[in-house]
Amino acid sequence: MTPGTTKPTGGGSVRTAPGPARARRFARGGRGAPLVLLIPALLGLTFLVLPLIGLLVKAPWSTMPSEVDGGTVWPALRLSLETATAATAASLVLGVPLAWLLARTEFPGRRFVRTLVTLPLVMPPVVGGVALLLVFGRDGLVGEWLNSAFGITLPFTTAGVVVAEAFVAMPFLVLSVEGALRGSDSRYEEAAATLGASRFTAFRRVTLPLVAPGIGAGAVLAWARALGEFGATITFAGDFPGTTQTMPLAVYLALENDPDAAIALSVVLLIVSVLVLVGLRGRWTGGAA
Amino acid sequence: MSTPAIQAPTEAVGVDAHLMVDRGEFSLDVELTARPGEVLALLGPNGAGKTTALRALAGLTPLTGGRLSLDGEVLEEPAARLRVPTEDRPVGVVFQDYLLFPHLSALDNVAFGLRTRGLRRAEARAEAAHWLERVGLADHAAARPRALSGGQAQRVALARALAPKPRLLLLDEPMAALDARTRLDVRAQLRRHLADFDAVAVLVTHDPLDAMVLADRLTVIEGGRVVQHGTPADIARHPRSDYVARLVGLNLYRGRADGPEVRLDAEGEGADAVLATAESHSGPVFAAFPPSAVTLHRERPDGSARNLWPVTVRGMELHGDQVRLDLAGTLPITADITPAAVAELGLAEGSEVWAAVKATAVHSYPA
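Line order of the protein sequences matches chains A and B. In terms of my numbering, the first sequence opens at residue 111 and continues consecutively. In terms of my numbering, the second sequence opens at residue -18 and continues consecutively.
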């Protein structure tokens, strides 16, 4: 390196630059933001933020209180929050052990199982809803037995909404927790074993606390995904106000006959989700830092 | 100190192990024995298989052959499809980087192994507090591991391993993560705790000084095989290979320091001899110098060397391009000199010469 080139602690491109001329050209463009990257980055940001701004600009702020008081908003909002939280809880109870299994054990076909877990991520939610109907429907593989043995029917019930949301949201949690587990040092579990801890005790007292931030992040992702769930919910649970009509469903249906109500609902949903995410995020990052 | 190296255990106490781990590109095949109250050091270069042996003893790496028994109880024997899992072995481990649980306080780290063995939280904490006091960290009980210095973390790790009263204590390079200054203090403290420990301790290290100061017996491992075992003094004087000679080539003595002068403990050879050393200490110390620091003279030299003794050549062995001499006299000394010097001095077994060591070449360490 000749004197005058940027310090090697700068961008990687500078370190490998063959001569001072090239290094200088990079240096003039600011600390590592070439226009080729900067322009699409700003366009992308605009694309993501503009619809939100549009929503806030077009919102009928003057008539908002009456729109919100119309009777559909509060039941739908309450149902959305309750079902999303229940779906997240179900995802935690089932998803964390599943993530542990994928991250910490070796069994034949583990990679295949991992692919199966991620399938609901890429599958259109409507298809998921149809699949859920075929399994848990009145004549479905499991549904028929559930109905005859316990008298439980899931489709078109609030429990069905939770099932549909958990189906779509759990993969987010599993992947997030599995990543956290892979990133955490499994030798802490060995240390726990030398101190007499069974694998479950080690999981409960060492692994879980160590990956708590990852579990928190996964739960937030899953909750957000469940809150916005539409396709699987409407297919599997239908659209009955009070029992299965969640906020996204209410927004979509309101859009057909009362666009102002739809906008009002959307704004409420937007505000609630932002508030919840900011609140949780602050708590977790505050705890981790 | 120079008793024969290999002692077959007659009673079924302590560790009796034939550890075989076959991993294709690397295979470990070592036999280890150690009695209660004894500290055994596994010494060898990186990649020799020391840590694998330690992990096998702890049950963290399964044996592929051989047998491991502790106090007469078989812990693992693949041929008999027998394997006691790690959590059910009466074993404590101090890991190289300690692996203190970062989310627990020092106190709860030490209490962990007591809780898993059935103690109630309050009892476990009281017992853990007692252990922290023993390692001198009573006022750090509430500290998280990241707030502890390297030496403190090592002591918490030791307390955590000892608290459940293991019958086998394993230490993996317990000094490796410490800087040179802390090392001296920690080594001295560890020595005291090991002396108090009445079960078997196995220590893995690549540092011959750690091994010689801390261990009663050494097993030198190279390439997954035992090269030599015996007492530290025995191995230093009679290395069976060039590798071992280089590894443990240290003259090591115990004594009491008063400033730079160290009066050797009155016990056997070297009783009441005084060594001038490079450092100043007071109280019990180890003093050590390498065999290459010894110079030999036919007549009493006039120079400034303050460590000067008449000696008799007791044995000579060729190691690499050096001749290792076993010298008897005021104190037993191992010296390395060139074959040319041997010829020049006309040395043979029984020759009487003067041995000199500069004070600057003699280092002392608190014991």
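Bear in mind the hints are in silico, worked out from the structure with no lab data behind them. Be aware that one or more of the hints could be misleading.
Short, incomplete list of chain A residues facing chain B, as computed with Cβ under 7 Å [as the list claims (entries may be wrong)]:
| # | residue |
| --- | --- |
| 1 | Pro161 |
| 2 | Tyr298 |
| 3 | Glu299 |
| 4 | Leu305 |
| 5 | Val316 |
If you want a taste of the chain B side facing chain A, the calculated C-beta under 7 Å gives, among others [said to hold, decoys possible]:
| # | residue |
| --- | --- |
| 6 | Ser8 |
| 7 | Arg98 |
| 8 | Trp290 |
We put the beta carbon where it would ideally sit given N, CA and C, even for glycine.
Results for each hint:
1. Restraint check, Pro161/A versus chain B: the minimum CB separation of about 41 Å is more than 7 Å; hint violated.
2. With a cut of 7 Å, the hint placing Tyr298/A at the interface with chain B holds, because the nearest CB-to-CB distance is about 6 Å.
3. Among the interface hints, the one on Glu299/A is violated; its C-beta lies about 10 Å from the nearest C-beta in chain B, farther than the 7 Å criterion.
4. Annotation: interface hint on Leu305/A holds; nearest CB of chain B at approximately 4 Å, less than 7 Å.
5. Taking 7 Å as the C-beta cut-off, the interface hint given for Val316/A holds, the closest approach to chain B being about 6 Å.
6. Given hint, Ser8/B at the interface with chain A, is violated; its Cβ is 22 Å from that chain's nearest Cβ, farther than 7 Å.
7. Using the Cβ-Cβ criterion of 7 Å, the hint placing Arg98/B at the interface with chain A is satisfied: the shortest such distance is roughly 5 Å.
8. At about 48 Å, the closest approach between the beta carbon of Trp290/B and any beta carbon in chain A exceeds 7 Å, and the interface hint on this residue is violated.
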